[in-house]
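Here the protein sequences line up with chains A and B, keeping their order. If you read the first sequence in this note's numbering, its first letter stands for residue 2, the second for the next number, and so on. If you read the second sequence in this note's numbering, its first letter stands for residue 585, the second for the next number, and so on.
Be aware that one or more of the hints could be misleading.
Okay, derived cross-link-like pairs now, DSS-like style, lysine-lysine, Cα gap no bigger than 27 Å in a straight line [claimed, not checked]: (1) 686(B) <-> 748(B); (2) 620(B) <-> 755(B); (3) 148(A) <-> 727(B); (4) 198(A) <-> 216(A); (5) 148(A) <-> 686(B); (6) 153(A) <-> 772(B); (7) 670(B) <-> 835(B); (8) 628(B) <-> 803(B); (9) 295(A) <-> 305(A).
Hints listed in this document are in silico derivations from the structure and should not be mistaken for laboratory results. Computed from a predicted structure; not experimentally measured.
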Amino acid sequence: MVISLLTCWLVITVGCKKNDNEAPQTAIRFVVPSNFPTPVYQFTNNTVSNAGFDLGHRLFYENALSIDNSTNCGSCHQQFAAFANLDHQVSHGVNNCFGTRNSPPLFNLAWQQNFMWDGGVHHIELSALNAFVNPCEMANTLDNVVKTLNNKPSYPQLFISAFGSSEINSQRIFKALAQFTGMMVSANSKYDKYSRKQNGGEFTNDELAGYALFKQKCSSCHTEPLFTDNSFKSNGLELNPKDAGREIITLASADFGAFRVPTLRNVALTSPYMHNGSLSTLAQVLNHYNSGVKNHINLDAKLKQNGVLGIPLSATEQQKIITFLNTLTDNEFIHDPKFAELPPL
Amino acid sequence: MKSISIFKSLTCVALICIIASCKKNNNEETLAGQGKVNLEFENKVGDQELELNTGAYTNANGDDFKITTFKYRISNITFNKADGSKNLIPESYLLIDAADEKTTLQTIEHVPAGDYVSMDFVIGVDSVRNFAGAQTGALDPAKGMYWSWNTGYIFVMLEGSSSKSTQADNKLAFHVGGAKAPNNTVRKVTLPFTAGGLRVRSNSQPEIHLLVDAAYLFKGTTNINFATLSGFHGGSDAVTIANNYATGMFKLDHIHN
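Could you put together the complete structure from these sequences and hints?
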């Protein structure tokens, strides 16, 4: 009785203190999930702060950053699709311009060494640059982005809060965006809870069977826990790829038609699939690996073992792998209000 | 008359004052502290001055050409003393654009006072900074000379035309960059100073006058034939050009101490 009264009193006083200090917002922190490796991006020279993150959040959903005030990052990277672009095979930017590649999902970017399907961008802070200036995305110039933000009354104050002065330059814009996108960590799927032996992580027999098959057939490229080995390969999507992929960056013919092995986390939410968005369901993807693999000159050897193209999988095996892939969906992440769309200022 | 002589004597006093103050400065000259150094970049093509759009030039292969854009980056400026010690100037990243006069005369600050016998610098941007995330100042991608689809700085850019080029409108477009093997185009050059060297003092601002010869993109180790090579963005051809310009694009003309 005495103890519970004491606890009661403690809770009340602590509660009071908190209100007195008027600090309802807890300081935002980047936390490495216990089943994840060391991140590539350590926020060096870009320590995450609430104000920096909030500015990045604002910028991510700011239409004024596109040349005609029509498009923001969230137009192509939607939270409900784990920040991929649902139903768009290839990106759709300003002036109804269609790009050539499928918008990848955005999460766990702090663990990524290279960005874009061809890995041409090597730093998270610069991953937004192409979106700003690509004539088929936001079609803007960095000088104009800076000018626009300077002319919007609320921004100078947001830059003061985030960086200590009202100066707006491309470096600060990129750093704020990297605080926002770098903080997008998705690590609370059923699979993660299974790996960490947490509540809600009990796999069914089918999920266990699918997991075992996945480890056998798929994880040499889609390696746990990030579900990519960060390499660039051809999985035999096309015999004559229209997009040269990694070769554009390395200029090496062995990289012609090779693309970054994408993560499979949240894959049930990110349809359509592949760099060109050519497959629209997971069933089609499994069917591709079973019987659709083309003998492209740079097809990865793992997909051409003993002269057999692809990865032979029975219908039930395919179904079980899909059942496992569904455990990679992180509902907490796609509903996290920290990352939600913001109304215009 | 009187007023004139007063004026004269006043001028005299003023002159003496000026001379005295000069003297004073010379006497107080000290090797402590830091000074500033001006770098002047005089862009040339061989013996000719570089004239964008209008100048007509011939490369070592005998091909005619004109230049519409000539820009380059230098970084990691280091001043070396006779005793072998080196002073790397922090944050020395410069972008020079032949079309922008403001960039052809730049001031290097925070140079430790001393007597220097040579300077080194990197043509381009060192590999560390090339891969270090969002930058500002001369390295702000808003200033151009940057690839957004294949992240990295363009180190040297020469665009123009030649009747020998097989590209549309006889264009030439050489974009040298890349800081990764096997196509690393980061090059370091050393320029020995002439007798007398460079004297940096906290109270003076010496000037180093450099000649920058664009013809060296196309000669030095490999003579470039515009019919077979009229442009690229990085890659192994960029390495060929970088090897060329590392042999003599930058030359010391003279130093005003």
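Going through the hints against the structure:
1. 686(B) <-> 748(B): violated, 33 Å
2. 620(B) <-> 755(B): Given that 27 Å is the threshold and the Cα spacing comes to 40 Å, the pair is violated.
3. 148(A) <-> 727(B): holds, 14 Å
4. 198(A) <-> 216(A): Answer holds: residue 198(A) to residue 216(A) is near 19 Å, not above 27 Å.
5. 148(A) <-> 686(B): holds, 22 Å
6. 153(A) <-> 772(B): violated, 44 Å
7. 670(B) <-> 835(B): holds, 20 Å
8. 628(B) <-> 803(B): holds, 14 Å
9. 295(A) <-> 305(A): At roughly 10 Å apart (the allowed maximum being 27 Å), residue 305(A) and residue 295(A) satisfy the hint.
Comparing the model with each numbered hint stated earlier shows that hints 1, 2 and 6 do not hold.
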